[in-house]
Amino acid sequence: MRFTDTRCDEHERKPIITSTVKTSIKNSSITAEFRRQFAEALVAKPCYNTIGVQDLFLVEVTPFSLGIEDVNGDLCIIITRNQTIPLRTKFYPIFTNAYAYQTTATIRVFRGEHKLTKYNVNLIESWIKI
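At position 57 of the sequence shown (counting the first as 1) the number is 56 in numbering that gives the first Met the number 0, and the numbers step up by one without a gap.
Just so you know, not all the hints are guaranteed correct.
Here are the computed distance ranges between Cβ atoms for each label pair [what the hints assert, rightly or not]: (1) 59 - 112: 16 to 24 Å; (2) 125 - 82: 18 to 26 Å; (3) 103 - 72: 17 to 25 Å; (4) 123 - 91: 18 to 26 Å; (5) 92 - 112: 12 to 20 Å.
Okay, derived cross-link-like pairs now, EDC-like style, lysine to aspartate or glutamate, Cα gap no bigger than 16 Å in a straight line [what the hints assert, rightly or not]: (6) 117 - 69; (7) 114 - 73; (8) 117 - 68; (9) 117 - 73; (10) 114 - 69; (11) 114 - 68.
Because the hints were derived from the structure by calculation, they are not lab data. Just so you know, even glycine gets a beta-carbon here, dropped at the ideal spot from N, CA and C.
Assemble the whole structure, with the sequences as input and the hints as a guide.
Below, the structure is given as structure tokens:
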């Protein structure tokens, strides 16, 4: 297998990107983060054209692991990091109530890589009736 240098010169693509972003995005309600992501996507296009790539298939992935908190405060990972969306998995965990005669259950969804949920980011907290 032979590796080729696929890097583009930054001086070649910067004028193209700035002019395209200025003409394409004139709405002020669009956030700066979207403008940055749009510009990064445009950076890739000239590079792929120079190496002869015809079609480019973009896949969205989860940047962090997603999971729920168990009784001990540990993170039970449901969706692993860098998994493509939509995902297909054969991992079906079974969760039961923690205490006898429990009428409601609290479900806390976290994102992060640490085993303990106190070091991860809490996304949502929901209650269900059992």
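We went through each hint and held it up to the structure:
1. 59 - 112: 16 to 24 Å: Given a distance of about 19 Å, which is inside 16 to 24 Å, the answer is holds.
2. 125 - 82: 18 to 26 Å: Given about 22 Å between the Cβ atoms, the range holds.
3. 103 - 72: 17 to 25 Å: Taking Cβ atoms as reference, residue 103 and residue 72 lie about 19 Å apart, which means the hint holds.
4. 123 - 91: 18 to 26 Å: holds (21 Å)
5. 92 - 112: 12 to 20 Å: Given a distance of about 18 Å, which is inside 12 to 20 Å, the answer is holds.
6. 117 - 69: holds (12 Å)
7. 114 - 73: Satisfied, since the Cα-Cα distance of roughly 6 Å is no more than 16 Å.
8. 117 - 68: Holds, because 10 Å separates the two Cα atoms, which is no more than 16 Å.
9. 117 - 73: holds (9 Å)
10. 114 - 69: Between residue 114 and residue 69 the Cα gap is close to 11 Å, so the pair holds against 16 Å.
11. 114 - 68: Holds. Residue 114 to residue 68 sits at ~10 Å (cutoff 16 Å).
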